[in-house]
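Engineer: Chain by chain, the residues:
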Amino acid sequence: MSSAMTGTGKSQRILLGAVAVFFGLPLVVLLLFSLADGWVGTILPTEYTLARWNTSLSSEEVLAAAGRSLLLTVCVVFIDLVLVIPAAYVAVVTAARVRPIIHALAVVPFALPWLVIAAGMQFTTAEIAPSLFGSFGLLTATIAAATFPYLYWAVENALLTNRAQELSEAAAVSGAGGLHTIIRVIIPSIRTGIMSGTLLVAASAFGEFAITMTLAGAAYETLPLWALRMFSGRNPGAGGELAAITFTTFIAMFVLSLLITRIDTPRSNTKAARAFALVPATKGK
Amino acid sequence: MSPTRSGNADSGRAPARPLSAQSLRAGRRSRVVAALPASPLILFGIACLVLPLLALVKSSLELRAGGIGFDNFVAVLSSSVDRQAILGSLQFAAIQALLCAVIGTPLALAMLRLGQRGRRWWLPLMNVATSFGGPGLAFAFLLLIGTSGAITMLWTQLFGGNPFPSLGSMFGLNLLSLYIHLPMYVILSLPSFGMLRPEWWEAAQVSRSSRFRYWRRVGFPVIAPFIAAHTLQIFTWSMGSYALPYVVTDSPQSVPLITVEIGRDLQSAVFGLERAATFAVLLMVLAIGTMWLYRTIQEQGAKIL
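Going down the list, the sequences are from chains X and A.
Mapping the first sequence onto our numbering, position 177 (from 1) lands on 177, and the numbers just tick up by one.
Mapping the second sequence onto our numbering, position 147 (from 1) lands on 147, and the numbers just tick up by one.
Treat the hints as calculated values from the structure; they're not laboratory data.
Glycine residues also receive a C-beta, built at the ideal position from the N, C-alpha and C atoms.
Some hints here could point you the wrong way.
Stretches of chain X that chain A covers, calculated by requiring three or more beta carbons in the stretch to come under 8 Å of a beta carbon on chain A [what the hints assert, rightly or not]: (1) 57-67; (2) 80-90; (3) 93-99; (4) 136-147; (5) 205-216; (6) 224-232; (7) 242-255.
With these hints in hand, go ahead and build the complete structure from the sequences.
Structural biologist: Shown next as structure tokens:
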């Protein structure tokens, strides 16, 4: 076998190396800056300290913002789980007719910028219920709507690969009731799909910027909005804290992402790939 | 199996006869009941995704003087400031899409050849990078190529001068955005490029074909439709990207962009939001158009295989 199809050639190793540097350098510089005590007019920091890490990880502002992001994430995940699992079950097992409708809805957050969805939500509430604007409920609902396709595709994929329809029929033949079948047979069989979908929803809800900025702004300062304030503000030490928190978030997300690829089936290992596996051409139907 | 069919099977011994109106109605009712658990998601989707888009269309067509018409679109297209924002967005998205295709295609092919073990580390990294945009990333690049950034300092000491334009310039914005869009392109490409079979290359070798000839006659024609489709997708996503541009394009010298204009209008204006609505509808139309094109091209690509 030659290197055209297997193994990496020299030029490919150079390309991969260059890309690794491009993706790695920002992380290295963030870590350096978070540890720097003096870094003015030099290529590398001159003094190092752990002070920024101490202040940022114990700062009440950071903890409060992280808490808000976490609460938002938990609520979004909860809404998506409650809405998506029954719908996906119905679409695969009992009423295939609803599938095209759900697929059409699921394409919206992929095709359209979330900023446009947020803008639309602002216009809608201005017309129907102005008091909702800026509320936690509206923010959560909009992010849940924008992220639901991640979970839906993961669950639908899992239902199809595990032949949920045959499973339910077999369970029905052996006398199991509908609800019993779902709880005892279906959900356990699609556990990994639910988990990987949930992690994707959580990751995007936690880092969400456009919808939060538009619908909540300063009224609900999540971690990304705190980062924006640190970036724009010129108060001393803000940069170091921003660097420390950004670095931590990246590493946490990386670990989360490693988990996703580990629990996922090899066939569908990335969120965008799964999203676009939906495109009818690639599904054959 | 649909409920009506199983109902017929139950009364299997009776001679076939037309369904009575009653059993038809019962069948329809049980079909509705079967679809019922999906209704909360569908209603939720309509309320939070479809309704807002309709509201945008309505606002973009509503005239301040009353009535409806395309005046808002005419106003946006004839204002030089707004035209610059549209041009800025189009130019940024085109460069970004082109960069992703040129760098991302060989990158995705190289990653495919890494095998399962190598990809185990690359894929999560790419996944995280796609959702990493925002103030943190902008700050990292500021530390690297800002006026007193590490690379800028290094350059100054070696060659003198500062070659790096600001992060909000066309160059800066494109460089920063590659951090998000390049992984997106690769993630989109891996499954479709994976369709290139090793047997094809082996067959080409057996028939003494050169590597260049293999790529020109076999490899490239197979993946070309997918390259086109994914480049188009990156173009659309770049048109709509918001977090990074919002953070770095705050000086008057920065590239004007549609999304940033929408965001600023939404946050500041108390009235006169029709401009934001009009911009948003323009983005919507573009997204729908490219989505349609994307699927058409992909279907073509799938036909080859």
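Engineer: Each hint: holds or not?
Structural biologist: Comparing the hints with the structure gives:
no. : hint    : result
1   : 57-67   : violated (count 0)
2   : 80-90   : holds (count 7)
3   : 93-99   : holds (count 4)
4   : 136-147 : holds (count 5)
5   : 205-216 : holds (count 5)
6   : 224-232 : holds (count 6)
7   : 242-255 : holds (count 8)
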